[in-house]
Structures are given as structure tokens and as C-alpha cells.
Amino acid sequence: DQQVKQNSPSLSVQEGRISILNCDYTNSMFDYFLWYKKYPAEGPTFLISISSIKDKNEDGRFTVFLNKSAKHLSLHIVPSQPGDSAVYFCAASVLGKGGADGLTFGKGTHLIIQP
Amino acid sequence: SAVISQKPSRDICQRGTSLTIQCQVDSQVTMMFWYRQQPGQSLTLIATANQGSEATYESGFVIDKFPISRPNLTFSTLTVSNMSPEDSSIYLCSVRGQGAGANVLTFGAGSRLTVL
Numbered sequence: 001d002q003q004v005k006q007n008s009p010s011l012s013v014q015e016g017r018i019s020i021l022n023c024d025y026t027n028s029m030f031d032y033f034l035w036y037k038k039y040p041a042e043g044p045t046f047l048i049s050i051s052s053i054k055d056k057n058e059d060g061r062f063t064v065f066l067n068k069s070a071k072h073l074s075l076h077i078v079p080s081q082p083g084d085s086a087v088y089f090c091a092a093s094v095l096g097k098g099g100a101d102g103l104t105f106g107k108g109t110h111l112i113i114q115p
Numbered sequence: 001s002a003v004i005s006q007k008p009s010r011d012i013c014q015r016g017t018s019l020t021i022q023c024q025v026d027s028q029v030t031m032m033f034w035y036r037q038q039p040g041q042s043l044t045l046i047a048t049a050n051q052g053s054e055a056t057y058e059s060g061f062v063i064d065k066f067p068i069s070r071p072n073l074t075f076s077t078l079t080v081s082n083m084s085p086e087d088s089s090i091y092l093c094s095v096r097g098q099g100a101g102a103n104v105l106t107f108g109a110g111s112r113l114t115v116l
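Listed in order, the protein sequences are those of chains W and A. For what it's worth, our numbering labels the leading residue of the first sequence as 1, then goes sequentially. For what it's worth, our numbering labels the leading residue of the second sequence as 1, then goes sequentially.
Hints listed in this document are in silico derivations from the structure and should not be mistaken for laboratory results. Note that the Cβ used here is the ideal one computed from N, Cα and C, for glycine as well. Any given hint could be a false lead.
[Unchecked claim] One-sided excerpt, in silico: chain W residues whose CB lies under 7 Å from chain A:
1. Tyr-32
2. Glu-42
3. Gly-43
4. Pro-44
5. Phe-46
6. Gly-102
7. Leu-103
8. Phe-105
9. Gly-106
10. Lys-107
Sequences and hints are given; from them, build the entire structure.
Written as C-alpha cells, this is what we have:
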């Protein structure tokens, strides 16, 4: 049973426009959410995170929004750049366990930025 | 954040053989995590490797198939035993950050295994 779902396997966006990647989760115990970016032949790299006590976190061109009632989060990238082309993974964890657990990941969304 | 080196980066293996993947971290860490990414799938946690104790395996993964060693605070190995084509995956080692970064995992580049 997939506890973290990314329903769009791929997304194509024109350079300069906004990219919106979506993620849904089913486990109401999750209270910390992360986005990772992965290039081919490299490991995932941390991009941005949000705690369940917030509904928005912004870092430069990247903003993550969290809607706890809908169990939904999204990553906005604006403006989109060619270097943003990668696979983006949504991940979740339960901080209350003292950080002892790993993360639960979605299947990823392949973002393609077109010139 | 920690720098993680994994070896091998990729390998092609024959059915029935075993392969050991090494993970070296440039700093001492309490816990190391081993993940698997099968083609088109999410990253799935295999086990948590603690120094000085047996690894803790997630549901669906067993020690006989994926034995793990953790001899010190900077090194771990994952062995994929008696491989079948279904084991063709990317295997990734990861560690938690320190201090304010403790909620974030840092990953190695992964080891891509193809089983024929």
C-alpha cells in the first residue's frame, strides 16, 4: 500500500513558467515532509522540507505547500529553468519517533523543462 | 552534510551469485539506511544499520537475503544474496544529518545492479 503517492509520472513545463508537482499521503501520523531531486546516475539530493505545523515553506525559487486536511502537498518552482529537469521525489516521516526511521517515498515525477 | 561513497557504482551479475555493496561516510554517524529503487518504483527502505547491533529490517526484507554489516561508525556493507533478475535495482546508502539537519537524509550515488 503506497503511503506516499505521486500520481503524475511526468510533467513537461516551458522554461520560465511555474512547475507544480503534487504529492498525496495517506498516513495521518506523518508530520514532516521533504522533496528530493534526482539526476540520472546520482543519488537523490535534498531540496526543501516542511513541518506539519506550517502550511508553507519557501526557499528561493522553491516553495512547498502543505494542506493537512487534504493530506496533500505540492512543490512550486518558479521560474522553471533547464537545470530543474530531473526526477522529484516526495517523502514523509514521523518526527515523533525521534528520527529513528527512514523516509517513505513516492514513486517520483519526472519534470522536463522545455526551452 | 555528509559525503557518502558507494562501491560499486554499477555491476552486471549472474543469477544465483551474491554481491556486496560498500558504503563509506566521511563522518561518524549513528544510523545508516539502505534503500532499494526498482525500475519505475519509489525508494523502499530495506533496513537500518546500527553500529554494534544487528540491522533492523523492514517488512518484506530478511537478513538471509540482504545481510548487512556495520563494523564502525563510518562504514557499512549490504550483500544481495542468491540474486535473481527481480533484484535488478539501484541500491542506495543514506545517513541522517546532524543537528538542525537531523530530519534530512543524505544519499550516496547508488549502486545499479543488473542481474541476468
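Hints, verified against the model:
At about 6 Å, the closest approach between the beta carbon of W/Tyr-32 and any beta carbon in chain A falls short of 7 Å, and the interface hint on this residue holds. Proximity of W/Glu-42 to chain A holds as hinted, the smallest CB-CB distance being about 5 Å (cut-off 7 Å). Contact between W/Gly-43 and chain A, as hinted, is supported at the beta carbon level, the nearest pair being about 3 Å apart and thus within 7 Å. Interface hint status for W/Pro-44: upheld, as the beta-carbon distance to the closest one in chain A is roughly 5 Å, under 7 Å.
Given hint, W/Phe-46 at the interface with chain A, holds; its Cβ is 5 Å from that chain's nearest Cβ, closer than 7 Å. A hinted interface residue such as W/Gly-102 counts as satisfied when its beta carbon comes closer than 7 Å to some beta carbon of chain A; here the least separation is about 4 Å, so the hint holds. Interface hint at W/Leu-103: satisfied, since its Cβ lies 6 Å from the closest Cβ of chain A, which is below the 7 Å cut-off. A cut of 7 Å between beta carbons decides the hint on W/Phe-105: the least distance to chain A is about 4 Å, and the hint holds.
At its closest, the beta carbon of W/Gly-106 sits 6 Å from a beta carbon of chain A; the interface hint therefore holds under the 7 Å criterion. Hint status for W/Lys-107: holds, given a least beta-carbon distance of 5 Å to chain A, under 7 Å.
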